[in-house]
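Going by full-length UniProt numbering, the sequence shown opens with residue 1, and the numbers climb by one from there.
To be clear, the hints were calculated from the coordinates, so they are not data collected in a lab. Just so you know, these numbers come straight off a predicted model, no measurement behind them. No residue lacks a Cβ here, since even glycine has one placed at the ideal position from N, Cα and C. Treat the hints with caution; some may be incorrect.
Taking CB as the label site, the calculated pair distances span [unchecked claim]:
#1 I2 - G68: 42 to 50 angstroms
#2 P46 - D87: 22 to 30 angstroms
#3 S93 - P40: 20 to 28 angstroms
#4 P99 - R64: 19 to 27 angstroms
#5 D57 - I2: 51 to 59 angstroms
#6 A107 - A43: 13 to 21 angstroms
#7 P46 - R101: 22 to 30 angstroms
#8 R48 - I2: 47 to 55 angstroms
#9 Q83 - I2: 39 to 47 angstroms
#10 P99 - T69: 19 to 27 angstroms
#11 R101 - S3: 38 to 46 angstroms
#12 S3 - H102: 37 to 45 angstroms
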Amino acid sequence: MISRRTFIQGTAGAIGAALAFPALAAEPGRLLRIDSIEMPRFAAGPDRIRLSGNQLDRFAQLGRALGGTGPVTVETHLDGAGQVLLDAALNASGRRVGPARHRADGATFTILS
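Please model the entire structure based on the sequences and the hints provided.
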């Protein structure tokens, strides 16, 4: 026999998974590459942001880049300070981030919404 608590927890989990599935399956609309002047990696282009200036300027650059809508795949090549600024900018933007794939030279993740 299934208890009411088990039924409610199972139902909530199933509904949550069903609601999250379309967002997780969404095809990223664009690619954004972020590096810094201390750790340059990506070639110049419209999809690349090279962080420069003081930390407040860098935070503002990230805020403008992440402030759009729609899914975006982000590739980064940042040091520890740059990663902290990126995390703060993502939190400030209120956008939902998918799982990250970390590499020795950076990370790749998708901003879902």
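Outcome of the hint check:
1. I2 - G68: 42 to 50 angstroms: Holds, at about 45 angstroms.
2. P46 - D87: 22 to 30 angstroms: 24 angstroms, holds
3. S93 - P40: 20 to 28 angstroms: 24 angstroms, holds
4. P99 - R64: 19 to 27 angstroms: With Cβ atoms ~25 angstroms apart, the hint holds.
5. D57 - I2: 51 to 59 angstroms: 57 angstroms, holds
6. A107 - A43: 13 to 21 angstroms: 19 angstroms, holds
7. P46 - R101: 22 to 30 angstroms: Roughly 24 angstroms apart at Cβ, these two residues keep to the hinted range, so it holds.
8. R48 - I2: 47 to 55 angstroms: Holds - the Cβ-Cβ distance for R48 and I2, about 54 angstroms, lies within 47 to 55 angstroms.
9. Q83 - I2: 39 to 47 angstroms: 45 angstroms, holds
10. P99 - T69: 19 to 27 angstroms: 21 angstroms, holds
11. R101 - S3: 38 to 46 angstroms: 39 angstroms, holds
12. S3 - H102: 37 to 45 angstroms: Holds: the Cβ-Cβ distance is about 40 angstroms, inside 37 to 45 angstroms.
Against the hints set out earlier in the document, no violation occurs for any number.
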